[in-house]
Amino acid sequence: MDTSFSSQKEIDARERGGLGTERLEVAFGPHHPSTHGVFRMDVVLEGEKIVSLKPVFGYLHRNHEKIGESVSYLGIIPYTDRLDYLCSPTSNWGFVLACEKLAGLEAPERAQYIRVILAELTRLVNHTCLAGFLAQDLGAMGTPLMYAFRERENILDLFESLTGARMMVNYFRFGGCRCDLPEGWLQGVSRVLDAYSKFLDEFEALLTGNEILLQRTQGVGVLKADLAINAGITGPCLRASGVNYDLRKVDAYGIYSRFPFRVPIGEHGDCFDRYMVRILEMRESIGILRQAVREIPAGPIMDAKAKTRSIRPKAGEVYGRIESPKGELGFYLIADGSPSPYRYRIRPPSFINLTVLEEMCLGLTVADAVAILGSIDIVLGEVDR
Amino acid sequence: MSVLSDSLIEDLKKQGVLVTSIEALYNWGRSNSVWPLQFGLACCAIEMIAASMARFDLSRFGSEVFRPSPRQADLMIVSGTVTKKMAPQVVRLFNQMPDPKYVIAMGACAISGGPFKQGYNVLKGVDRFIPVDIYIPGCPPRPEALLHGLMELQKKIRAQKLTGENRAKYFDAAQPGEYPIPSFGEHDLEPSKNAALWSPAQVARKD
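Taken in sequence, the protein lines are chains A and B. Under our numbering, the letters of the first sequence match residues 23 to 407, in that order. Under our numbering, the letters of the second sequence match residues 1260 to 1466, in that order.
For the record, the hints were derived by calculation from the structure and aren't laboratory data. A portion of the hints provided could be inaccurate.
Unchecked claim - Here are some, though not all, of the chain B residues that point toward chain A, as calculated from beta-carbon distances under 10 angstroms: (1) Cys1303; (2) Phe1320; (3) Thr1340; (4) Ser1442.
Claimed, not checked - Using 27 angstroms as the maximum straight-line C-alpha spacing, the simulated DSSO-like pairs for lysine-lysine come out as follows: (5) Lys76/A x Lys1420/B; (6) Lys1414/B x Lys88/A; (7) Lys88/A x Lys1415/B; (8) Lys1452/B x Lys1343/B.
Ideal Cβ positions, reconstructed from N, Cα and C, are used throughout, including at glycine.
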C-alpha cells in the first residue's frame, strides 16, 4: 500500500497508538449518483477519514481537440457547445473570441450586447443548477434541484426562441451572431429577470440559512488562497478563497467595461463560500442583464468583413479566454492558413479546478468529499474533452 | 381473452365488471412502473434530468424513481457518449440489472457515436454490446422525445407475451441475460463488437 499520500497528522496519530484501523480502498464511480457524470475517485479510507484521493478521469474523452484539427473553424463551434453542456453560449464565445483575435474581426455593438445577455443568462442557468445539484449531493433529494430546473426551463425557452435549440445553441459566429433577436425577445428577458430576483429570494430563504446546509458546508473543503493561485484555480472557486480575479474585470473582453458590477469575494474558501459566491454572482448578473436590455442599440449583428463559412486566418497563434461560469475558459489556436486549425487546445476551467480535490478532501469524510466535489462545479464534458 | 369478444368486455365494463387476463394485468403493471437506472453519461443526461423535473414530469409515466443501484432498475437510459473507457462499465451495469430489462439509447452518440464518431475513443453505438429496445435521435433529444421514447417502450412492454410461441425472450433460459464485457485491446476494445448482437449493415451492390 502506498502511504505517501497520508498526511503527517494521520501518521503521527497512528504512531501514538490511535485506532489502528485497516485501510480501505474505495472506488467512487465512474457510475455513482453524486459524481456529476462519469468520474471516478479512488479513495483510501482509514475508518471514515480520507487518507488519499486520486481523481480518475477520461471516461468521457471525446477527442474534441483532435476532431477540431480536421474540421473547419465554423465546424468547431457546435463542438464547443458540447464542451460544457450546461452553458454552451459561453463556450461558443470563448472560441469565437480566439478566432476573432486571429482573424482581426470585431463584432458590432448590437452583437456585443447580445453576447453579454446570452453569457449572463448562461451564468444564471449554471449557478442555479449548481446550487440545486450541491443541495442534492448534501441529501436534499429533489426539491432544490426541481426549483432550479424550473427556472432553468424559463431561460432555455429564451435560448430556444432565439437559436432554435434548448441546450446546444451554436449561435455565435466570427464577427457577430447568427441571427437577430426575434420580436419581443428582450421583453421576454425582462420578464424572466423580474421573476428571477423573486426566485433567488425564495431559493435563498430555503437554502442559505438552512442548518443542515451550514453544518455540511461551513469549514469543509477549505482552499487557501495561495494554493488556489499556485494551482491555477479560476472562477468562483478562486474568488471564494478571497482572490479578486474575474476576467470580466481583468480582461474586460467584449463590452464588459461598460457594466459596473461587483465581484463577490469569499473569505474562508470553504464549500459554503463557494456556494455563496455563486448566489451573489447571480444577483450581479441580473444587474448586468437589466442594463444590457436597457442599452442594447439597433444595428447590424455581423462584422461587414466577416466571411463566416470560408474563414481562413493567416498563420499565427492566439489565446482567447473568457470568464465562463466555471472559471477561465481559454482556447489556444495555431493557424497555418488552412481552413482548419493546426492545433486546437482548450483550457477547461473545471479540469484545472479539479486538481486540488485531494488537498481539499484530506482528513475529511467521504460525505464531505461529495460536498466538495459538488461545490467545485465540474462538467465532465469539459474535464475530459 | 379470445373467448370473450371485445364488445362483450366493453359491455361488462359498463356493468362494473372488469375482465382481464393475467398477461394484460402483469404487463400493465410493469409498463407503468419502469424504474430507470440513475446513470448519466454526457449532455443527454441533463435533458434526462430535465425530463424528470417539474415541467416534463416523468412521474406521470411511473418512471420518476431513478435507482442508483442497477439491481433495482428495469431500464437503462444510455444518455450520452459511450467512450471505449466507459463501455466495459456500461455493459457491466447492464449485466447487473435483473431481467426483464430494457435499454433506451438516447441521443446520437449512444446510437452511433454521433458528432464524435470520427474520434478514436468513442464507441460507434452502444448496440454493439448490449441490446437496445428504443432509439431516440437528437443531439440532445428534447425531454419530450425522451417521453415519447418511454411511451413507445411501454407499448412494447404491453405487447410482450407470457406464453406461447412468441413469448418474451427473458423467459427463455437459454437466452443470455448477461453479455460479454469487452476489455481494452491493443487498438480497440477486445472484442470490438458482440457478433451475436450486431453486424455491419450489408449493402447490396448492383453490378
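For each hint, the structure was consulted:
Annotation: Cys1303/B was flagged as interfacial toward chain A, and the flag holds, the nearest CB pair being 9 angstroms apart, inside 10 angstroms. The beta carbon of Phe1320/B is not positioned within 10 angstroms of any beta carbon in chain A (closest approach about 17 angstroms), and the interface hint is therefore violated. A hinted interface residue such as Thr1340/B counts as satisfied when its beta carbon comes closer than 10 angstroms to some beta carbon of chain A; here the least separation is about 5 angstroms, so the hint holds. Interface hint at Ser1442/B: violated, since its Cβ lies 16 angstroms from the closest Cβ of chain A, which is beyond the 10 angstroms cut-off.
For the suggested pair Lys76/A and Lys1420/B, the alpha carbons sit about 49 angstroms apart, so the restraint of at most 27 angstroms is broken. Between the alpha carbons of Lys1414/B and Lys88/A the distance comes to roughly 42 angstroms, so the proposed pair goes past 27 angstroms and is violated. Note on Lys88/A and Lys1415/B: the hinted pairing is violated, with a Cα-Cα distance of about 40 angstroms set against a maximum of 27 angstroms. In summary, the hint linking Lys1452/B to Lys1343/B is supported, as the alpha carbons are separated by about 12 angstroms, within the 27 angstroms threshold.
In this structure, the hints that do not hold are numbers 2, 4, 5, 6, 7, in rising order.
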